[in-house]
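**Q** Listed here are the chains, written in short residue letters.
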Amino acid sequence: MNVVAHARGPDVAPCVGEGLILRDVEIALAGRRLLRLDRHVAPGETLTVMGPSGSGKSTLFAFVAGFLDPAFTAKGSVILNGGELTGLAPRRRRVGLLFQDALLFPHMSVGENLLFALAPTVRGRRARREAAERMLAEVGLADTFCRDPATLSGGQAARVALARTLLAEPKLLLLDEPFSRLDQALRAATRDLVFSRIRERAIPAILVTHDPADAAAAGGDVVVIGEGEAEGEGAAIDEAALASRKKNEALASSEGGR
Amino acid sequence: MADERRGRSFPLLVTYAVPCLLALPVGVGLVGVVLPAFGYLPALGGEHLSLEPFRQLVAMPGLGVSVLLSLASGLLTTAVSTLGVALFLAAFHGTAGDRLARRLLAPLLAVPHAAAAFGLAFLIAPSGLFFRLLAEPLGFDRPPDLLIVGDPLGLAMMAGLVAKEMPFLLLVAFAALLQADPERRMQLSASLGYGRVTAFLLAVWPGVYRQIRLPVLAVAAYASGVVDVALILGPSLPAPLAVRLVAWMNDPDLSLRFVASAGALMQLAVTAGVLLLWIAGERLVGALRRGATAGGRRSAEDRALRLAASVPVAIAGASVFFGLSWLFLWSIAGFWAFPDILPPSVDLSTWNRTLPNAAGPLATTFLVAILSASLALVLVVIMLEARRRQFRAAAGRPVRLPRMVAGLIYLPLIVPQIAFLFGLQVTLLSLDLEPSIPLLVAAHLVFVAPYVALALADPWFAVDPRYEQVAASLGHGAVATLFRIRLPMLTHAVLTALAIGFATSVGQYLPTLLIGAGRLPTITTEAVALASGGNRRVIGAYALLQTLLPFLAFTLSGTLPRLLSRGRLAMRRA
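So the protein sequences, as listed, match chains A and B.
Per this note's numbering: the first sequence = residues 1 to 258.
Per this note's numbering: the second sequence = residues 1 to 574.
In case anyone wonders, no lab produced these hints; they're calculated from the structure.
In this text, a Cβ means the ideal position worked out from N, Cα and C, and glycines have one as well.
Some hints here could point you the wrong way.
[As the list claims (entries may be wrong)] Here are some of the chain A residues that sit facing chain B, going by a computed Cβ distance under 8 Å:
1. Phe99
2. Ala119
3. Ala168
Take the sequences, apply the hints, and build the full model.
**A** Right, dumping it as structure tokens:
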């Protein structure tokens with residue numbers, strides 16, 4: 001693994017512009033445009049993307065994080081702190097992910113989950129453990145280092161997931177409905193925690209959600225996709241087209257026709 | 001974008017390269033058998049293509065009976081095993097009986113075919129447990145003069161195959177049930193007034209069968225070309241086709257190899273016939289099922305049927321279990337006269353005599369099994385991972401092996417072993433390759449890899465791809481993610497696959513016999529070779545040793561994950 005690159009992040013031309021710029025981003029499937037975005041997200045700011053299921057919100061995430069399914073075609077640039085992301089491998093993008101599910105690695109303790117995220121440049125067993133403990137304390141979960149993730153409550157697991165993501169010192173956060181699995185009371189508290197961390201660390205973030213309350217708490221701009229809105233125009237994914245495209249691809253690959 | 005494409009075509013290549021590598025010996029073996037079958041094998045003086053080998057083959061006495069035995073064995077074994085599994089699940093799915101069966105039958109997976117066959121032979125032979133139990137009430141003091149083991153119709157042989165294959169198919173079906181959504185389908189059918197058995201057979205079983213079809217076909221192919229079980233339990237005058245082929249192949253009269261090659265092609269045709277008849281039977285049963293569904297008969301009162309449905313599985317499981325116990329008793333028995341149900345005295349003299357002789361074969365068995373299973377695991381992991389990489393993201397988009405890849409991988413399970421192992425042996429001879437451990441490992445790999453792939457493919461593709469996305473977003477590369485996230489999360493599945501591969505290798509008779517050319521005896525070839533001798537004490541010891549290795553492998557694969565997971569709850573459940 002290229003430790004140096006990981007520690008410094010993408011080699012970027014310094015300070016062309018802070019924050020995240022989505023420039024003429026256009027994602028299409030089988031020739032049909034799903035969404036188009038042209039946006040700037042300042043450090044510490046959260047752009048909320050709303051839209052019905054299948055409108056391509058997750059596709060946008062996959063594109064920015066580097067996991068876009070090859071069935072899609074994407075155009076435009078994603079510029080983070082002046083550097084182009086689109087050509088980089090996912091692991092060099094330093095884009096933190098938070099999903100609906102905490103996705104804590106079940107074979108590791110809470111602490112090991114965090115140590116897995118900590119950059120290798122922090123050396124020494126003690127130093128690493130202390131860094132992890134500090135982060136746990138920051139999300140209000142001191143003394144859970146040795147816990148089994150399976151024994152955590154939903155809210156606790158969500159906070160560990162946040163701690164894990166932040167510990168890797170991401171330059172951009174992608175939040176894929178991270179609060180939707182939490183009950184009402186926990187949701188507000190977790191939301192506050194996440195957004196306060198984002199502001200404090202001055203990281204740009206994109207939030208995908210169905211819940212208007214999430215958008216309000218995020219406080220930034222709101223883009224609605226999939227309904228031909230002025231800002232982020234796009235079209236709902238034609239499920240049938242998607243299915244037939246995938247089927248064709250599966251056939252092609254099963255016949256070795258590529 | 002060009003980079004992107006290169007990044008995808010390499011995994012595509014690997015996805016196909018691994019199965020091609022595994023199917024290659026089958027292809028080479030088949031070519032190597034076709035030429036001598038038509039008289040061409042310069043090394044043995046056959047320099048012209050002719051139909052003479054086939055003429056000689058057809059002229060062999062009792063050939064028709066041999067072919068019929070093989071056909072019947074393939075069809076009946078598969079039909080009885082499948083029907084038993086279907087009825088058992090229909091009657092007991094979701095009940096205590098079902099949970100009991102899962103627990104009791106799982107260890108039977110470890111028992112090699114030969115050991116199970118010996119166990120059954122010891123139970124049903126005229127001097128076996130069965131007749132000893134009957135001796136007192138029926139008043140005979142010597143074993144009845146009956147030909148049970150090795151009966152001319154091959155019933156004992158088929159019973160031995162069923163005893164091993166029915167538990168195997170049941171365990172496969174247990175895994176398949178999870179994806180057939182049984183609870184809701186049963187509730188729905190019950191609310192429409194259907195009885196348990198009818199509801200299961202009409203609404204759930206078709207979904208289960210579709211998933212276990214490949215193992216069922218593998219059982220049919222295996223039973224139609226079986227050698228080791230046939231040597232132990234099967235008829236001898238005439239024997240099933242595959243057994244006669246082995247005899248011709250090893251005959252000092254080298255000209256019989258041409259006949260054996262022609263016979264191998266005939267075996268291929270017999271197995272193809274069994275599979276085609278089975279597929280025709282599937283159609284017929286499907287039509288009957290559709291008729292029953294359309295008819296709407298509820299059969300709500302099925303208590304008697306449910307009771308009867310437990311019998312086949314119970315007999316199969318019990319015969320393997322008691323057979324092994326009986327083998328153990330023989331291995332420690334002193335003088336043991338007929339009607340006594342337990343030996344009057346026990347000692348370790350058999351073991352003392354056997355162990356020094358068995359140590360060498362046991363070591364060979366272990367070495368070949370651990371090497372072939374590990375190698376198979378590495379190949380299968382490379383292939384599955386390459387396949388998965390082709391599909392970058394898209395949670396919820398099910399990843400499967402392409403049909404052609406699956407077909408190639410499972411080919412060695414469907415083509416009768418004997419049909420291509422001959423050709424492979426001939427090819428190796430003409431390449432002047434001496435039998436060696438690496439060669440034997442390679443031969444075992446062909447049969448081990450399909451089972452490892454069968455065991456690992458579903459769990460491998462079931463891991464939520466977002467775990468790896470998280471790992472990548474935390475700055476970890478593909479290799480680190482494989483070794484630190486995916487493999488540890490799949491510890492249990494990986495070790496189970498390894499144990500299954502190990503057990504498969506231990507049980508291999510024919511590849512060891514033909515590729516090892518008698519110079520690399522394993523515990524399995526030694527045990528089967530004892531069949532004709534009839535020394536029960538030594539047979540008992542060898543059959544138990546043969547069971548011991550797979551049993552240890554399964555025990556380890558069951559307990560290691562628990563130790564490695566250090567008590568993580570989610571891992572224990574997985």
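**Q** What hints, given by number in increasing order, does this structure fail?
**A** none
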